[in-house]
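Enquirer: Protein chains in written order, with our numbering: chain P, 670 to 1012; chain Z, 670 to 1012.
Bear in mind the hints are in silico, worked out from the structure with no lab data behind them. Be aware that a few hints might be false.
One copy or two, it doesn't matter: identical chains are merged, so the pair holds either way.
No more than 20 Å apart at the CA atoms, straight line, and that leaves these computed lysine to aspartate or glutamate pairs for EDC-like [claimed, not checked]: (1) 709 <-> 907; (2) 712 <-> 884; (3) 712 <-> 807; (4) 966 <-> 830; (5) 706 <-> 883; (6) 709 <-> 807; (7) 966 <-> 741; (8) 709 <-> 680.
Okay, here's what each chain looks like letter by letter:
Number of protein chains: 2
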Amino acid sequence: MRDATLRDVAELAGVSARTVSNVVNGYAPVTEPTREKVEKAIKELGYRPNVLARNLANGRSGQIAVVVPFLDVPYFSELLQAIIPRARERGYHVLIDQTDGDPAHERELIRRGARAALFDGMIYSPLGLAQEDLAESDPTFPLVLLGERSSNAFFDHVGIDDVEASREATAHLIGLGRRRIAAIGDQPYPTGEAAQLRTLGYRQAHADAGLPVDESLIVQTGRFNRADGAAAMRALLDRDDPPDAVFGYNDTVALGALHEVLERGLRVPEDIALIGYDDIDEGRYANPAISTISPDKDAIATTAVERLLMRIGSKEPLPGIEVRASHRLIARQSTVGRAPRAE
Amino acid sequence: MRDATLRDVAELAGVSARTVSNVVNGYAPVTEPTREKVEKAIKELGYRPNVLARNLANGRSGQIAVVVPFLDVPYFSELLQAIIPRARERGYHVLIDQTDGDPAHERELIRRGARAALFDGMIYSPLGLAQEDLAESDPTFPLVLLGERSSNAFFDHVGIDDVEASREATAHLIGLGRRRIAAIGDQPYPTGEAAQLRTLGYRQAHADAGLPVDESLIVQTGRFNRADGAAAMRALLDRDDPPDAVFGYNDTVALGALHEVLERGLRVPEDIALIGYDDIDEGRYANPAISTISPDKDAIATTAVERLLMRIGSKEPLPGIEVRASHRLIARQSTVGRAPRAE
Chain P
670 MRDATLRDVA
680 ELAGVSARTV
690 SNVVNGYAPV
700 TEPTREKVEK
710 AIKELGYRPN
720 VLARNLANGR
730 SGQIAVVVPF
740 LDVPYFSELL
750 QAIIPRARER
760 GYHVLIDQTD
770 GDPAHERELI
780 RRGARAALFD
790 GMIYSPLGLA
800 QEDLAESDPT
810 FPLVLLGERS
820 SNAFFDHVGI
830 DDVEASREAT
840 AHLIGLGRRR
850 IAAIGDQPYP
860 TGEAAQLRTL
870 GYRQAHADAG
880 LPVDESLIVQ
890 TGRFNRADGA
900 AAMRALLDRD
910 DPPDAVFGYN
920 DTVALGALHE
930 VLERGLRVPE
940 DIALIGYDDI
950 DEGRYANPAI
960 STISPDKDAI
970 ATTAVERLLM
980 RIGSKEPLPG
990 IEVRASHRLI
1000 ARQSTVGRAP
1010 RAE
Chain Z
670 MRDATLRDVA
680 ELAGVSARTV
690 SNVVNGYAPV
700 TEPTREKVEK
710 AIKELGYRPN
720 VLARNLANGR
730 SGQIAVVVPF
740 LDVPYFSELL
750 QAIIPRARER
760 GYHVLIDQTD
770 GDPAHERELI
780 RRGARAALFD
790 GMIYSPLGLA
800 QEDLAESDPT
810 FPLVLLGERS
820 SNAFFDHVGI
830 DDVEASREAT
840 AHLIGLGRRR
850 IAAIGDQPYP
860 TGEAAQLRTL
870 GYRQAHADAG
880 LPVDESLIVQ
890 TGRFNRADGA
900 AAMRALLDRD
910 DPPDAVFGYN
920 DTVALGALHE
930 VLERGLRVPE
940 DIALIGYDDI
950 DEGRYANPAI
960 STISPDKDAI
970 ATTAVERLLM
980 RIGSKEPLPG
990 IEVRASHRLI
1000 ARQSTVGRAP
1010 RAE
């Protein structure tokens, strides 16, 4: 007996072949009763669509890749949690990879991704990648960049205004009377471009307030995780002139620093006030809950998926655009204390 | 000019076609100098392997899917962080999906996955899926299950001994003199089968110690996140007879409960001792750091990938086996207090 075809399914279900295709591929919404009829016919006939053959024919894989530096940094998993349903609504599977922030791996992904046709496009949050690497990649490959990097003429870029957000975080601490504010998370050029924008905002807030910057309070970290935050804080607290506040370049670093401060028996925010960046769920439930910069993650996810699908669907390369999502500062116990009770 | 072929690359690089294939597809390790020669030849000739055509020919996609209920539950992102490099070493891309623990979505994935040939096999951590759903799925599809579910005759299952681990967590609290131990995270049959194994261990510890179980201290939660843990704790603390200890069915629930306890001005562990489950990084840096059951995540990841690749490579279906990874109890500040200083 020959294998069942899409037309067999359509005939049995009493719908068009296009409707069967929509059910199978998720290209367009289908009403629930129609879906059930089609699913029933598929089961009855034992129909198996040949996805690889279909994709080979139309040159599409039906997949997009989302590439982040580290899956165990909660900001990235929360962002993925926002991106996956958006892509799924549009009929795309999401393939996730992590690069460990390794520039060689990031370069390889960009090259292989374009070459291998495993996915139709990529949403990419680079960490180690320098502008020159992007310049080398195929400008016809649909690519949307996330994060704080400055834009490239060929690719879209979705992020928040990182300099401004970092200025606000630092100004919040200055406004509370703090004068020795440590910045934890700076990184050297070129891999640390994102971090450097945060340092720039930190400097601007000091300049705005007419305050000098103590360069020794700007601390570099290897990664953006809890252990790095704790290690940086340990070194700062061992100094003769410890800081009275901390701006962590993400919540995870800030939470590592918080742990070290409390381990020493110091009070937060009385002895040391802390603010992070990213507004991860963990920060809301920390003890004390930490103040943070909250980027509009849903807007970032939705915009990134929309722009990518537009690029995938376009017959010719689109010029790169820069999309700024909104952000807001959320003051919690780690800077303003317990009263009034934090949100 | 015709497109460059794999043989052209091999000739220019002075290596075998198999070596080029190993570099391109990651099927087997290649020395760094050889890789460089091949990469150089690929670049010079502008060679682009037709991955889809290759996969169509051998019936493989070169991808495995890893499916988890929620990416924003840190245990799952930490497990993914362990699985991805193992798969990559074996030349497989990982496609990640999350189901939101929705049984309909989980069923659909199992059916579609087998049908669509988008991936060669699946590592799957089901939440809502019942045994009957598994029985419906294609026994020839390579599938490895993660988590605490009892095994199925057709598929492999990798997890820790959940009843025993839960018994140890509860016995640890009993050993510290606690007698009103709340269990947060129970869930109803059939979707909550995993949670029910933890409740079973909780009951066993009480039976071992000759203590009665107060059924009202076993609290169900909708999900396993911080908000659910906090809400459950709020209700427990509003009672006339609050608990003196908490066993959270994962660290995330326990951390939500911890936040609520401290918000009320209660002391941990003096007033309420807490233990979680999963040993996520966040728990180590919580204030206080939380005691937990630590599953051997690397062993789980390695075994799951090995078993899956064995199934993918096997010409006929293999019988399902049950692999038990080890676990250990880690006592930190949330049960044993500050002295001696926690790890």
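Enquirer: Mind listing which of the numbered hints don't hold for this structure, in increasing order?
Expert: 1, 2 and 5
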